[in-house]
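Novice: Note that the protein sequences, when read in sequence, are chains A and B. Going letter by letter, the first sequence gives residues 1 to 251 in my numbering. Going letter by letter, the second sequence gives residues 1 to 251 in my numbering.
Simulated from the structure, these hints should not be mistaken for lab results. The reader is advised that the hints may include incorrect statements.
To be verified - Distance ranges between label pairs, derived from CB positions:
1) A/52 to B/220: 47 to 53 Å
2) B/131 to A/210: 51 to 57 Å
3) B/4 to A/138: 30 to 36 Å
4) B/241 to A/165: 26 to 32 Å
5) B/4 to A/109: 23 to 29 Å
6) A/108 to B/114: 30 to 36 Å
Claimed, not checked - If the Cβ cut is set under 10 Å, some of the chain B residues that face chain A in the computed set are:
7) 16
8) 35
9) 45
10) 245
Said to hold, decoys possible - Computed list of chain A residues with no C-beta within reach of chain B, every gap over 12 Å:
11) 23
12) 40
13) 46
14) 132
15) 169
Please read all numbers here as calculations on a predicted model, not as lab measurements. Note that CB positions come from ideal geometry on N, CA and C, so glycine has one too.
2 protein chains.
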Amino acid sequence: MSDIDVPESHPRYESLLTRHRIEEGVEKGITSRQGLIAQGRGEAFDYLLGERTTESADDAARAAAAHLLLAGHPVLSVNGNVAALCPGELVELAEVVDADLEVNLFNRTDERMRAIVEHLREHGAEDVKGLTADGRIPGIDHERAKVDADGIGSADVVLVPLEDGDRAEALGAMGKVELVVDLNPLSRSAQVATVPIVDNVIRAVPNVTRHARDLADASEEELRDVVEAFDADATLADAERAIRGGVDEEA
Amino acid sequence: MSDIDVPESHPRYESLLTRHRIEEGVEKGITSRQGLIAQGRGEAFDYLLGERTTESADDAARAAAAHLLLAGHPVLSVNGNVAALCPGELVELAEVVDADLEVNLFNRTDERMRAIVEHLREHGAEDVKGLTADGRIPGIDHERAKVDADGIGSADVVLVPLEDGDRAEALGAMGKVELVVDLNPLSRSAQVATVPIVDNVIRAVPNVTRHARDLADASEEELRDVVEAFDADATLADAERAIRGGVDEEA
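Here chain A stands alone, though its shape is the one from the complex:
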């Protein structure tokens, strides 16, 4: 996070960084109109949340890290907003948990697919999946079902930050462990996730990486304990309470 000329201690650092990255995303053809509106929705929820990672979101990030480390074939799904907001952070997480990166767009066009793959490569990604599109997610519209057969198609654990509700549901129905980042705890994506992380993706992705590094030497049994101790419903209820109730219920 060093692409703007503002110290990290600046009170609006995260907000200025986000703004800068989204603008860059629009200029590069990565962020769509719908992506800008979605960004605004996220800003409002984050504002009500107090623009911080709650304790329960941190627990969810740790559970997500454990799932990624336990996975046989983990894939990080990347859409336009995620690519714009945290490209380097995603590449780093993929390295730490040995996951594939796959571009997976709700409004898929070849041009946007290529722009996003290129953007991830500029941020250090070597292999980026998504262009082959020889697999399908059952139960959703043809264009929106496209995935790589050797990517999301055969993944056992998928991190889908900012995913559309229909696709989140369809991925869950395929029996995959689904790790979702979404600032709206009432969204369908958050509701169907194995692990819903109710946090800003710009904070959540590096936080999952931090937990993955911390758990790197943990035994399989320890990782399973982290996974089993996690309660998705309690996390969602806590997030809703934080958003509805204001910022004074935890430090």
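Chain A is fixed; fit chain B onto it per the hints.
Specialist: Relative to the frame of chain A, chain B by itself:
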């Protein structure tokens, strides 16, 4: 509201209409990137509010109508999102309360100014102010201070839907009665308003018009009673409670 091919009874009618109008706004060069993000923020607050006009927002709309009817020189300020979302509704309100329409942009460019003036004319506006820009709001940045001297510059009552906080504050400091439409009751614009209407602009503007028609034959004394009975702080507290607490506190 008849520019989409969906019956008004459709459960997602308002949302589909909004989407359609925003898309059109982008195509016409009316809606900016920042406008799309702001639209998303509004959507999130509206979602938490239950996408309805609360009783206190309806009271605020009535107080706003009374202020407009009492005004010597009322002006409706129009920015890019407002122009895209409710152009015909604004023209109608201006007619009913005999107010000027003035285009007033945070990110002012000649091209956007002209596109918005043209869009309002297509929706029935005859005289649209804002292009002369021979007046200034004191205390804010030069470009953002521009208004018409015979428009907002000399208005006693201004309706500013979706206004930026700095400008809302500066307009208030000029002693104008400020009627604000904003879905975030904690925003500076809502906080400094004489009358904050915490509602979706697409519902609020026609609602102010409805109240203005209803109050058309009221005496000045009756209008003053409506104005004096209105409590901005109580309205904001009620709106925050509705957003924080969910949708079950009123019918």
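Novice: With 10 Å as the cut and Cβ atoms as the points, is residue 16 of chain B at the interface with chain A?
Specialist: 14 Å, violated
Novice: Could you tell me whether the CB distance from residue 4 of chain B to residue 109 of chain A stays inside 23 to 29 Å?
Specialist: 24 Å, holds
Novice: Should the interface hint for residue 45 of chain B be scored as holding, given a Cβ-Cβ cut-off of 10 Å against chain A?
Specialist: With a minimum Cβ separation of about 6 Å from chain A (threshold 10 Å), the hint on residue 45 of chain B holds.
Novice: Between residue 4 of chain B and residue 138 of chain A, does the beta-carbon spacing fit 30 to 36 Å?
Specialist: 32 Å Cβ-Cβ, so the 30 to 36 Å window holds.
Novice: Are all beta-carbon distances from residue 169 of chain A to chain B longer than 12 Å?
Specialist: 18 Å, holds
Novice: Verify that the Cβ of residue 40 of chain A lies farther than 12 Å from every Cβ atom of chain B, and report whether the claim holds or is violated.
Specialist: Incorrect as stated: the minimum Cβ-Cβ distance to chain B is 2 Å, not above 12 Å.
Novice: For the hint on residue 245 of chain B, does the least C-beta distance to chain A fall short of 10 Å?
Specialist: 6 Å, holds
Novice: The hint says 51 to 57 Å between residue 131 of chain B and residue 210 of chain A; measuring C-beta to C-beta, is that right?
Specialist: 53 Å, holds
Novice: Is it true that the C-beta distance of residue 52 of chain A to residue 220 of chain B lies inside 47 to 53 Å, as the hint says?
Specialist: At roughly 50 Å between Cβ atoms, residue 220 of chain B and residue 52 of chain A fall inside 47 to 53 Å, so the hint holds.
Novice: Assuming the hint says 30 to 36 Å, is it satisfied by the Cβ distance from residue 108 of chain A to residue 114 of chain B or not?
Specialist: 35 Å, holds
Novice: Examine each Cβ of chain B, and state whether all of them lie more than 12 Å from the Cβ of residue 132 of chain A.
Specialist: Label holds. Min Cβ-Cβ 31 Å, cutoff 12 Å.
Novice: Could you check the hint for me, namely that residue 241 of chain B and residue 165 of chain A are 26 to 32 Å apart, CB to CB?
Specialist: Between residue 241 of chain B and residue 165 of chain A, where Cβ atoms are some 28 Å apart, the hint holds.
The structure does not agree with the numbered hints 7, 11, 12, 13 stated previously, though it agrees with the rest.
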